[in-house]
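Got chain A; can you put chain B on it based on the hints?
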Amino acid sequence: QSVLTQPPSASGTPEQRVTISCSGSGSNIGSNHVYWYQQLPRTAPKLLIYRNDQRPSGVPDRFSGSKSGTSASLAISGLRSEDEGDYYCASWDGSLSGPVFGGGTKLTVL
Amino acid sequence: VQLVESGGGLVKPGGSLRLSCAASGFTLSDYYMIWIRQAPGKGLEWVSYISGSGHTKNYADSVRGRFTISRDNAKNSLYLQMDSLKVEDTAAYFCARSDRTAYPKPIYYYGMDVWGQGTTVTVSS
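Those protein sequence lines, which keep their order, are chains A and B. So for the first sequence, my numbering puts the first residue at 590; every next one is plus one. So for the second sequence, my numbering puts the first residue at 11; every next one is plus one.
Everything labelled a hint here was simulated from the structure, so no lab data went into it. Just so it is clear, the structure is predicted and the values come from calculations on it, not from any experiment. Incorrect hints may appear among the rest.
[Unchecked claim] Computed cross-link-like contacts, DSS-like style, restricted to lysine-lysine with a CA-CA straight-line distance of at most 30 Å:
{"#": "1", "chain 1": "B", "residue 1": "96", "chain 2": "B", "residue 2": "52"}
{"#": "2", "chain 1": "A", "residue 1": "695", "chain 2": "B", "residue 2": "52"}
{"#": "3", "chain 1": "A", "residue 1": "695", "chain 2": "B", "residue 2": "85"}
{"#": "4", "chain 1": "A", "residue 1": "695", "chain 2": "B", "residue 2": "96"}
{"#": "5", "chain 1": "B", "residue 1": "85", "chain 2": "A", "residue 2": "635"}
{"#": "6", "chain 1": "B", "residue 1": "67", "chain 2": "B", "residue 2": "52"}
{"#": "7", "chain 1": "B", "residue 1": "22", "chain 2": "B", "residue 2": "115"}
{"#": "8", "chain 1": "B", "residue 1": "67", "chain 2": "A", "residue 2": "635"}
{"#": "9", "chain 1": "B", "residue 1": "96", "chain 2": "A", "residue 2": "635"}
{"#": "10", "chain 1": "A", "residue 1": "635", "chain 2": "B", "residue 2": "52"}
[Said to hold, decoys possible] Heads up, incomplete: computed chain B residues facing chain A, CB under 8 Å, no partners named:
{"#": "11", "residue": "53"}
{"#": "12", "residue": "54"}
{"#": "13", "residue": "56"}
{"#": "14", "residue": "104"}
{"#": "15", "residue": "113"}
{"#": "16", "residue": "117"}
{"#": "17", "residue": "122"}
{"#": "18", "residue": "123"}
{"#": "19", "residue": "126"}
{"#": "20", "residue": "128"}
{"#": "21", "residue": "130"}
In this text, a Cβ means the ideal position worked out from N, Cα and C, and glycines have one as well.
This is chain A alone, in the form it adopts within the complex (with noise of 0.2 Å):
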């Protein structure tokens, strides 16, 4: 069990938006920041999204992250084949003195 919840799959068409949430606590993403990461088909992780809404350089602006509170979610926007992949969210938790992971979604475009 991940100590970060996302939902296991999500779905949608080309051009579509698609959310996905990430699911923590006090420790974790309600007193620090949300990273996203991108993982392809047999491929290392990707930093999508730093600091909760920050993009890295080559990141395209369909990619949009927020957080509320212990939640926070990935949009991404003018859904692509090249999408489907793996997404993960990450914290720092300051009870484990260590970075924490969602379980990933798979995102798979229809």
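Chain B alone, transformed into the frame defined by chain A:
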């Protein structure tokens, strides 16, 4: 900026393995470094982190007492010594660059922003 892991392989339960992570394109000593693993078909799990100087380290409960993280900044390398390996340690192991040591904790601003391609460890008899 690049990270390249090596050292994975097949090992019997109770055996040992040493993973390496070669860094290039940045000053290794300026950053916290983290090992993360991913069991087959499963999600990401933090294993261990180390500060830029090597003085601060921490481990996940699942590996504490069996794994040892270290670094050689002069050689631009990060290591993970894995002893008393168990079947449940079977996973792809990734090294990742995290935030600068000047920040108050390993994940504070940019987080884990650069990842290696991973090296596979299989523990089986």
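Among all the numbered hints in the text so far, which are the ones the structure does not match? 3, 7, 15 and 21
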